[in-house]
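Peer 1: First to last, the sequence lines map onto chains Z and R.
Using my numbering, the first residue of the first sequence is number 60, and each one after it goes up by one.
Using my numbering, the first residue of the second sequence is number 60, and each one after it goes up by one.
Hints are computed from structural coordinates only; laboratory data are not their basis.
Among the hints, a few may not be true.
Said to hold, decoys possible - Estimated spans, in silico, between C-beta atoms of each pair:
#, chain 1, residue 1, chain 2, residue 2, range
1, R, Glu449, Z, Glu183, 51 to 61 Å
2, R, Arg184, Z, Glu155, 45 to 55 Å
3, Z, Asp110, R, Pro493, 15 to 25 Å
Just so you know, even glycine gets a beta-carbon here, dropped at the ideal spot from N, CA and C.
One-letter residues, chain by chain:
There are 2 protein chains.
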Amino acid sequence: MSDPLVAELMAALPADRVLVDPDVVAPYLHDEAEWAVHGRAAAVVRPRSTDEVAVVVRACARHSRPLVPRGAGTGLSGGANAVDGCVVLSTERMREIVEIDEAERLAVVQPGVVNDDLRAAAAERGLWYPPDPASSPWSTLGGNVATNAGGLCCVKYGVTRDYVLALEVVTASGEVVRVGRRTAKGVAGYDLAGLMVGSEGTLGVITEITVRLRPLRTGTPRTVVGFFDTLTAAGDAVSRVTARGLQPSAFELVDRVCLHAVNAWKHAGLPEDAAVLLLAQTDLPEPAAEQEAAAILAEFEAAGARDAVFSTDPVEADALFDARRLAYPALEQRGEALLTEDVCLPRGRLAEMLARVEEIAARHDVMIANIAHAGDGNLHPLLLTPHGDEAAKRRAQAAFDDIVDAALALGGTVTGEHGVGLLKLPGMRAELGPEVLALQRAVKQALDPQGILNPGKVVG
Amino acid sequence: MSDPLVAELMAALPADRVLVDPDVVAPYLHDEAEWAVHGRAAAVVRPRSTDEVAVVVRACARHSRPLVPRGAGTGLSGGANAVDGCVVLSTERMREIVEIDEAERLAVVQPGVVNDDLRAAAAERGLWYPPDPASSPWSTLGGNVATNAGGLCCVKYGVTRDYVLALEVVTASGEVVRVGRRTAKGVAGYDLAGLMVGSEGTLGVITEITVRLRPLRTGTPRTVVGFFDTLTAAGDAVSRVTARGLQPSAFELVDRVCLHAVNAWKHAGLPEDAAVLLLAQTDLPEPAAEQEAAAILAEFEAAGARDAVFSTDPVEADALFDARRLAYPALEQRGEALLTEDVCLPRGRLAEMLARVEEIAARHDVMIANIAHAGDGNLHPLLLTPHGDEAAKRRAQAAFDDIVDAALALGGTVTGEHGVGLLKLPGMRAELGPEVLALQRAVKQALDPQGILNPGKVVG
Chain Z
60 MSDPLVAELM AALPADRVLV DPDVVAPYLH DEAEWAVHGR AAAVVRPRST
110 DEVAVVVRAC ARHSRPLVPR GAGTGLSGGA NAVDGCVVLS TERMREIVEI
160 DEAERLAVVQ PGVVNDDLRA AAAERGLWYP PDPASSPWST LGGNVATNAG
210 GLCCVKYGVT RDYVLALEVV TASGEVVRVG RRTAKGVAGY DLAGLMVGSE
260 GTLGVITEIT VRLRPLRTGT PRTVVGFFDT LTAAGDAVSR VTARGLQPSA
310 FELVDRVCLH AVNAWKHAGL PEDAAVLLLA QTDLPEPAAE QEAAAILAEF
360 EAAGARDAVF STDPVEADAL FDARRLAYPA LEQRGEALLT EDVCLPRGRL
410 AEMLARVEEI AARHDVMIAN IAHAGDGNLH PLLLTPHGDE AAKRRAQAAF
460 DDIVDAALAL GGTVTGEHGV GLLKLPGMRA ELGPEVLALQ RAVKQALDPQ
510 GILNPGKVVG
Chain R
60 MSDPLVAELM AALPADRVLV DPDVVAPYLH DEAEWAVHGR AAAVVRPRST
110 DEVAVVVRAC ARHSRPLVPR GAGTGLSGGA NAVDGCVVLS TERMREIVEI
160 DEAERLAVVQ PGVVNDDLRA AAAERGLWYP PDPASSPWST LGGNVATNAG
210 GLCCVKYGVT RDYVLALEVV TASGEVVRVG RRTAKGVAGY DLAGLMVGSE
260 GTLGVITEIT VRLRPLRTGT PRTVVGFFDT LTAAGDAVSR VTARGLQPSA
310 FELVDRVCLH AVNAWKHAGL PEDAAVLLLA QTDLPEPAAE QEAAAILAEF
360 EAAGARDAVF STDPVEADAL FDARRLAYPA LEQRGEALLT EDVCLPRGRL
410 AEMLARVEEI AARHDVMIAN IAHAGDGNLH PLLLTPHGDE AAKRRAQAAF
460 DDIVDAALAL GGTVTGEHGV GLLKLPGMRA ELGPEVLALQ RAVKQALDPQ
510 GILNPGKVVG
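Sequences are here, hints too, so could you generate the full structure?
Peer 2: What follows is the structure, given as structure tokens:
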């Protein structure tokens, strides 16, 4: 091994920590972002402790070499993609749930703990960790924190940042520090823990996470569904539910393309002429849940829904949500490349945005399906292109850029919950403008003066 | 006027904006923190617009002179205290509620808007701005954001940071920038809006604030009260309520000294032999509220409360909360100097902390009353000393320091919601340690290289 950094890492760490075989290294070089470029890594390191992480960071700092931290690699923006000559640091072997404290309602976990595993362990103690990205069976808390992951619950319960109390972080110089606190409140100094959340590994390597938990929800949520003939009617329903002060615990949208895909795959018998299906859940205690479900139903109907119903039993409620659950896998069944967009609009502009996406799809001749966390205005257009069709890929890329532009034109953001990574860098520059970008870069420069931590991500 | 900076400000701004008369300037030189030192300002400026703020910041930057931003001056840590030769920038004339948007559930306000005024305006639209510091009739949103203000609602609804979506900020170089977003979610770049919250005017001057709102609560909260003979029993009650998964919308503690003071002032007939009064409110929809109130009552009784009751009507509920509401004014009635401490403990350590405070009061011969946001572990020991008694003041200062040390020893933070300002600087240094302090200073240096923004606060 002629790379002195790799030789140093091999000498400093137990043998199984450092991977260099190109075949073994290959899956660690990128996340799940279709089309995001990635480079070649000098090595992949899988430390088992904070001290081992610090050894890796200090070695990279000494050699002025890039370090790319990585969770489970389920990201959709290229945030974990390798750059040439880097060391990829995978947290996959740091998967201990260190502590769950019922009295303080918090959990302490290593970054490699899988989201669903924490949720299950918390549930055993009567507690609940709400953030629920679609990747929750595989994605890890470290990655969730690094990207400030969202999910279905956000509309009522907030995103990952709302749950992070404290972090142990290895800084760019290899020091181990603790930021944040274990107490419910605290204002001692700048909120560095909050700053680390969503920074995609560019400001430090997260080695331990303390999250706030909620009491476990009891009871079964009630589900309301409504099919709408037009995007405008569905948008009106979203606005009406919000303006009436209702607070669904999930509020999702599935478009016609998804409905067709689910029917094609599962013969689900969903109405194929509807433009949009809206699904809402309420988790209030009864009888407030029934009242809220009835109120949501009334607003759906007032906005022009047909076939609007709300469930009275849990099995039915679950079945109603299947159209949402099955939409993504149904599209995957088609065997095409799937590029997941992620823009967030003011709720009231969602219908207008969907109309623009329809127009963009037609103009570029690209198939685009849409799912959305409707209550948050967080839209995921899914761009489908046949594998190997370079012309289709170019058209889809142009459509992707147009969607970003349209979101900005409607007062939205270029990324609601997936992160900047590589794919959203141009959009973020357009969104923030040069003055705010300069502030972002000043923060990066302050905390990583050598620029070794995940270079090229977030701030470019 | 021989000061060239003041002359420049007078030339650049309309006549009524700049105050220099020492008698007029005097009340602007400090906040309500007893004993925090303050210097003499060159001038007080009361801009009416963001552009005028930018004029002031640019002038200070050109002259390398300190700028101390200030809201209503209700702070309790000295965060708004003048330093010698500074310009005090008061936001008191920027008090426009720019927008309340029901569909997006947000409000846009200037920094000088009073907390209660926003709450009232939101209520007219069926919306609610939860953060409710005790200063809410006077304190302004700018100050609330600068200190990340808390209050009674935090225990269920979170602190100011949880409501800030976006900020317009004048940077240290006098540029006007917007950070954050208007959408419900967003992860485009580092969370600079979150970083500004709680930064006490040291990273930028906040000129406009976009906050998230909630639907207005309907119904009357139910109140549960319980008197406890020992601190341990009260601490046990707090832990039991938390561990049972109950979520009171307020959960307060009032100690014996406060009960005596309220009785002395209002002849309230509160039991004077009780060590602690706990008060909890629940705002769930009925009948869940009644069930939660009954469950809280049961936990109070299991922990050994006597005279535990819960209200069945709103007037009675309100009367029960009077002991909490009247505690601080009752102490003020004594006509002594009142120093308000603000430490936050893990909830489970609250009783132990109260015992330590009792011991500290005895050791230093200082009268200390205690109120607490018990459900958050956020304790406010109130140190009383006769005006002009220098020896008593020195003893109280020593007690203040011991309380901070005790909070740290129990795993707490030196400030739960009042901010670092000047009074908590030594405590914060002890809490964070040199490595994290260095990161804090790096952030300050990055965003205010000249160090003109509220120098000496937060990071010292």
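Peer 1: For each hint, tell me whether it holds in the structure or not.
Peer 2: Outcome of the hint check:
Remark: the range hint 51 to 61 Å for Glu449 of chain R to Glu183 of chain Z is upheld by a beta-carbon distance near 58 Å. A C-beta distance of roughly 48 Å is found between Arg184 of chain R and Glu155 of chain Z, which places it inside the suggested range of 45 to 55 Å. Distance hint check: the CB atoms of Asp110 of chain Z and Pro493 of chain R are about 20 Å apart, consistent with the given range 15 to 25 Å.
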